[in-house]
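Residue 456 is where the sequence shown starts when you use our numbering, and the numbers rise one by one after that.
Hint data in this document are derived by calculation from the structure and do not stem from the laboratory. Since the model is a prediction, treat every value here as computed from it, not as a measurement. Even glycine gets a Cβ: it sits at the ideal position worked out from N, Cα and C. Mixed in with the good hints there might be a few duds.
Stated by the list, open to error - Pair by pair, the computed Cβ-Cβ distance ranges are:
| # | residue 1 | residue 2 | range |
| --- | --- | --- | --- |
| 1 | Leu555 | Ile489 | 14 to 22 Å |
| 2 | Gly531 | Arg560 | 21 to 29 Å |
| 3 | Arg554 | Glu529 | 25 to 33 Å |
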Amino acid sequence: MERGGTALGSSCEQLVLDRALGDIGEAAGRDGRIRAARGRLDDRLRILRALVAPRTEHGLIHGELGPDHVLVTEGGEAVLIDIEGLMYFDVEWEHVFLRLRFQERYGALLP
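Given the sequences, and given the hints that come with them, work out the whole structure.
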């Protein structure tokens with residue numbers, strides 16, 4: 456953005472909603488059960504989106520961080536790889552991904 460670019464979407468919350476609605480639309484094209492429930496699913500997502508207060512702080516996130524995306528150099532430095540999903544976004548996005556990925560082991564990542 457500092458070079459005059461623009462953000463993708465009006466907010467993190469709206470971007471996530473738009474992606475989710477698109478994913479449901481794509482799935483509805485492949486599965487009749489989802490197609491039959493699509494209106495209800497879309498409505499529920501919009502209701503849930505309305506409950507999310509906009510964040511005032513954002514940070515640089517990897518997008519799909521995990522141990523397979525961190526290499527350690529011979530000097531002991533951590534290096535992130537596969538950074539195509541890197542974005543300035545709501546940091547909770549990364550935490551939710553890590554919590555889903557690590558499940559009961561997520562607590563070991565907390566300070």
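Status of each hint after checking the structure:
1. A C-beta distance of roughly 21 Å is found between Leu555 and Ile489, which places it inside the suggested range of 14 to 22 Å.
2. The given range of 21 to 29 Å is respected by Gly531 and Arg560, whose C-beta atoms sit roughly 23 Å from each other.
3. Taking the beta carbon of each, Arg554 and Glu529 are about 32 Å apart, inside 25 to 33 Å as hinted.
No hint from the list above goes unmet by this structure.
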